[in-house]
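Assemble the dimeric complex from its two separately framed chains, guided by the hints.
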Amino acid sequence: MAETTSTTPSARSSGATGATIELENLTKRYHGNPQPAVDNVTMEIAAGETVVFVGPSGCGKSTTLKMINRLIEPTSGRIRIGGEDVTDIDPVGLRRKVGYAIQSSGLFPHMTVAQNIGIVPKMTGWPKSRIRARVEEMLDLVGLDPGEFHGRYPRQLSGGQQQRVGVARALAADPPVLLMDEPFGAVDPITRDHLQDELIRLQRELHKTIVFVTHDFDEAIKLGDRIAVLREQSHIAQFDTPEAILTNPADDFVSGFVGAGAALKRLNLTRVGDVEITDYPTATVDDPLQDIFQRLRAGGTNEILLLDKRGRPYKWLRRGDLMRAKGSLARAGTLVHDTVTRDATLRDALEAVLTDNAGRVAVTGRRGAYEGVVDMETLINSVHEMLEADRLDALEHQHDLEESRAGQTRPGQGGGGSGERGAPA
Amino acid sequence: MNFWEYLGSRHQQLLADAYQHASAVFQCMVVATVLGVLIGVAAYRSEWAGNLATTATSTVLTVPALAMIGLLVPVVGLGVAPTVTALTLYGLLPVVRNAIVGLRGVDPALVDAARGIGMSGPARLLRVELPLAWPPILTGVRVATQMLMGIAAIAAYASGPGLGNEIFRGIASLGSKNALNQVLAGTLGIIVLALLFDAVYVLIGRLTIPRGIRG
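Sequences listed follow chains S and B, in order.
Oh and the first sequence: position 230 is 230 in the working numbering, straight run, nothing missing.
All you need for the working numbering is the position in the second sequence, starting with 1, plus 425.
Hints were generated in silico from the structure; no laboratory data involved.
Accuracy of the hints is not assured; some may be wrong.
Stated by the list, open to error - Which residues of chain S face chain B? A partial, calculated answer using Cβ under 7 Å:
no., residue
1, Leu71
2, Val92
3, Arg96
4, Phe108
5, Pro109
6, His110
7, Val120
8, Lys122
9, Trp126
10, Tyr153
As the structure is a prediction and not an experimental result, all values here were calculated from the model.
Every residue gets a Cβ at the ideal spot worked out from N, C-alpha and C, and that includes glycine.
For reference, chain B alone in the conformation it holds in the complex (with noise of 0.2 Å):
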């Protein structure tokens, strides 16, 4: 059996992983997005907190995804938590510093300005900070998406859901007829998916950042 006629045999299976896989990815980014910039928020204005949320971030990143997930699953048990659980954590670090960089980024004399003209701290903060910073947000969302592409395939160790179960099946059946295709199909199907998601993203930057600065 050839690659393609593989696909043409699967192609159930391998729409239903690719399917949650991409579900995985996009609702931990979702999450990630809203507690990165949340986190970004609170930590910009100072500089300790800013330096501990960045350092913190990275920290996380530094464990490699297979120790973090294993490490996990005797806390939250298999499957889904423990998926969820590390790709959001994954997700945090590059929102979190782009947030942070963003925000620090706005030109002081328009906070200045805004503060001039009688905006209150939270409309400064919605309608001058937030919009300025938010294509390096955007930026950081679109690296942590691509980055959490590579780590939703792990998840399968843990018996969860995604394109990683494919790889896996593959890895744990070497030599046999359709070992090679099912790493492939698994391997190929991640890429397809995070040109996807980044194309998307090309339009959701389009759709977002204002015409006055876009670059």
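Only chain S is shown next, with the shape it has when bound in the complex (with noise of 0.2 Å):
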């Protein structure tokens, strides 16, 4: 998900089996409160595309998710999922096609795992046999073991496993739609970000359109495909990717929100795989000692990477190192003792490579095997470019809105367009 840096969410679509979901003009008044707690919300989510909405606490943030399967009904506007008007349907069956997870799991204290997970497929009329199969499907893919899990009540299990399971009964009846409501808003920060890593991998097998509200604007940024900053009666401040966010915030309430850091957050945006793996001198512990010596004078470092029998690096090897070693390889060098694979992100090698004395890092692929060395210089180049791209990107794309925008205020005032009036004028 993290990964998908510049591609935009239509392009990622093809395949998906989630639904479109469009909310047009939608507002909801409560009685006796003369300002809307929603106000007028407009908004398109592509198919199989994660969207987060984060904003602070009472921005109506989750009563515009509440409304998405009417749990509470909009005063106005239109809600469609998948092409289909489902403003005025059965919202019974609305819901049944429409996954919803909560904070604290909501998961039934009286019935078991098997039973809260097979709720949504009983109540649509799946044959027994069939729940069954589903319900142990639906526990392997959130990580848990069906046959220890399957019969132990909710109360027998951790905040974390709870969660998962509330997150498969959302997913049991497959629907194309997955709400959740600060689904992780009460465990602890590690089992979170176990539960996050969870759910990027899920999403990249299912596709699922999903709507994720949250607080927390790091979370925002780890999942998000794009990210809806709500101000206060859900008026949307900004709507874009979560990259665009950070390099360009539409207005000092998002950069308020985005908080100090936002290039230390970009970090987490790129993967070491996505920036320039260098090659660095190597042997191998089984090499002869005077090959060692030759490479070592031969290469333009100073410095080489041992590698061990498997081909992992092992140690790093400095000119005067052997010397003062007396020639034992066992005792020269020191130890590598951190390495980051492909997949890490660049904050977390900035971090082995700020606690490396050398600073720079070995990358390793498969099985660990040694691949390549990134260093400060490469990731400081990497997310200068990186930062500048993506300005250069939030300035065309300013440009095309405000284009679109001029054209489209001129013929019918007070029109469309109102679903992005925090955006910048």
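Below, the structure is given as structure tokens:
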């Protein structure tokens, strides 16, 4: 998810099992309150896309989400899912086609894990054998052993496991759309991190259309293909890719929400595999000492990476090291204690580079085999390039937007386009 | 004739009375439970309806049992009818109150989740709310049963069935040889019945409360 840095959402949707969601002038007014809780939200979400609503508490993000499956009935406006207008259809039928996962899992404590997961298929009238098979499949999918967890009750599970079962239940009837209302809000940070990774993996397999609500901007960056930053009354301050929001926040509200360290956060969005990995002179422990001496002398650097028998990074060897250790390979050099994979984020790589006393880290591939090296200079250069490219993209995008808006507002005053009224004019 | 000899000579009569006593309480409790839960379900969502139901049923409870039966006799006649009516009315209060408290105590997040995954109103009630409210409802039924055991004794006053007849006969013939034995046999019989019923409720709780929410 995070590695699809520059692809547009619509380009990814091919072969997706998700459905599009269109919200049109969605408004919610509560009785006796002149201010609408949600004011005129217009938004299009592509099939198979993950969109995160993020904003301060009380901004109406949760209300907006709950209007999609009509847990809260909109006062006015239309909702279309997969092109079908669902604003006036039977809400019970609608909700069975839209997965729903909430904070603190919402599992029914008097039912077993299997009963909880099977409840929507059971209501839709699946035969028993199919439900049983589906429950096993879903438990497998969310990484819980079916044999072990099948008959347990929710109170016998940890918070993280409950949340997994909650997601399994939401997905059990294979809905094209999944709504998640701060689902990881109540678990500890380490478990939350795991669950987020798991969701990314799931989404890579399933390609559902996911709408995710959170107040945690870092979570939004990690999970979202696009992020909608919402201010009070659910006004959209900015609706764009994480990269664009980080490098080019639309206004002070958004930049305040992004918080300090946007460039650092940007590092989370790029993988080591996306930057240039440099080759480094290497030798293996089986090479004769003479060869290693030769290579040290010949190489441009005064250092060489020693690999073990299986080609994994083992030691950094400097020119003087062998002399000092009196020619014993076993005692010479410093052990490699940190490596990164191609899938690691640049932030992980930076962390490794910073803790390494010589400012570089070895990149490993399958089974930990050596692939190359990333150093400080490469990181700095790629971050600069990245930020520059983001800025250009954002400028171009903004330009397009302004043009289309200028064309829109002239004929019909106060017509469409109000969905992005928070963006700079 | 001491108490044991009395029991030996009258055991058939006593067993018949005990059976009728238990049967009256049991049947009235079934009716009270069904009615009480229905009233609870109808009233728990609205503040004033819930209050009305609990106030109405508590008011019934403040009427002394003897007066209640006395008042019912002109309306429904003597015998079984006033007994059943009075017992059912008294049995309602704990059930209604606990049903309302139990249904209101269901975590709103769970009700929200049930709605969110596409459960219709009746399905939500039958498969989520009532099962979760069942432990307090069962407690209400248990308390009501204990109470009815005692109140049923008074039914004998209106020629109703049960162990109350022993007690009233004893009181009526105070000073006679068997007066004390009669009162004692009636009272102890009611206590034994109450304990037996309570044991049955423990068993019912074991069987009907899902393991996931058993305390």
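Outcome of the hint check:
Interface restraint check: Leu71(S) against chain B, minimum CB-CB distance 6 Å, threshold 7 Å, status holds. Interface restraint check for Val92(S): the shortest CB-CB distance to chain B comes to about 5 Å, inside 7 Å, so the restraint holds. Hint status for Arg96(S): holds, given a least beta-carbon distance of 4 Å to chain B, under 7 Å. Below 7 Å, beta-carbon pairs count as interface contacts, and Phe108(S) has one with chain B at about 6 Å; its hint therefore holds.
At a threshold of 7 Å, the smallest CB-CB gap from Pro109(S) to chain B is about 5 Å, leaving the interface hint in force. The criterion of a C-beta within 7 Å of any C-beta in chain B is met by His110(S), whose closest approach is roughly 4 Å, and the hint holds. A hinted interface residue such as Val120(S) counts as satisfied when its beta carbon comes closer than 7 Å to some beta carbon of chain B; here the least separation is about 5 Å, so the hint holds. At its closest, the beta carbon of Lys122(S) sits 10 Å from a beta carbon of chain B; the interface hint therefore is violated under the 7 Å criterion.
Nearest Cβ of chain B to the Cβ of Trp126(S): about 14 Å, over the 7 Å cut. The hint is violated. With its C-beta approaching chain B no nearer than about 3 Å, Tyr153(S) sits inside the 7 Å limit, and its interface hint holds.
Checked against the numbered hints above, the structure violates hints 8, 9; every other hint is satisfied.
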